[in-house]
Each structure stands twice: as structure tokens, then as C-alpha cells.
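Visitor: Sequence:
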Amino acid sequence: MEPPNNPLWPMPTPPKGINLSIPLSAKNYASQIMAQAVNSKTMPLANQTKMTDEERAKLGQWIQQGALLDSEKP
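Using our numbering, the first residue of the sequence shown is number 1, and each one after it goes up by one.
In case anyone wonders, no lab produced these hints; they're calculated from the structure.
Every value quoted in this text rests on a predicted model; they were computed, and no experiment measured them.
Among the clues, some could well be false.
Straight-line alpha carbon distances no greater than 16 Å define the calculated EDC-like cross-link-like pairs of lysine to aspartate or glutamate that follow [unchecked claim]:
# : residue 1 : residue 2
1 : Lys73     : Glu54
2 : Lys27     : Glu72
3 : Lys73     : Glu55
4 : Lys41     : Glu55
5 : Lys27     : Glu54
Restraint ranges, calculated between C-beta atoms of paired labels, are given here [to be verified]:
# : residue 1 : residue 2 : range
6 : Arg56     : Ser21     : 16 to 24 Å
7 : Leu45     : Glu72     : 12 to 20 Å
8 : Ile22     : Pro74     : 18 to 26 Å
Just so it is clear, CB atoms sit at the ideal spot from N, CA and C, and this is done for glycine as well.
Using the sequences and the accompanying hints, generate a full structural model.
Guide: Following this line, the structure appears as C-alpha cells:
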């Protein structure tokens, strides 16, 4: 899934300063991502990217397995 290029409202910086287009940011904030995107489904805001339950489950699985980046895999 590609990140949205055109948010519905102008934002000078990502919410909470977390830039998810940087893989290490996603790893570092994995617990917050799990809470907001997987468990409560409150992000993406208003589900503007139309994130599916399947995508949320896959994201949750990645986090539960340690949020390993491609460069960290054996």
C-alpha cells in the first residue's frame, strides 16, 4: 500500500512527527502503530487510504513478529 500523496487537509509534518515512509520510523513506533492502526482502527485518520481489515491484520502480524525490516532478516 502506498502512503497517501494528497491528504485531505494540509499538514506541514506528519502527525506526531512520525514519518511512516521511513521504515525505521515504523519499527520504532510499532507499539503505537499497533494500538492506533490495528487494535482501535483509528488510523489512518477517517480511513482515508481505505485500509482493509486484511491489511491491518498483516501489519499486526509484522509487529507481533518483531517488526523486522528487510535489512534485518536472515
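Visitor: Against which earlier hints does the structure fall short, listed by number upward?
Guide: 1, 3, 5 and 7
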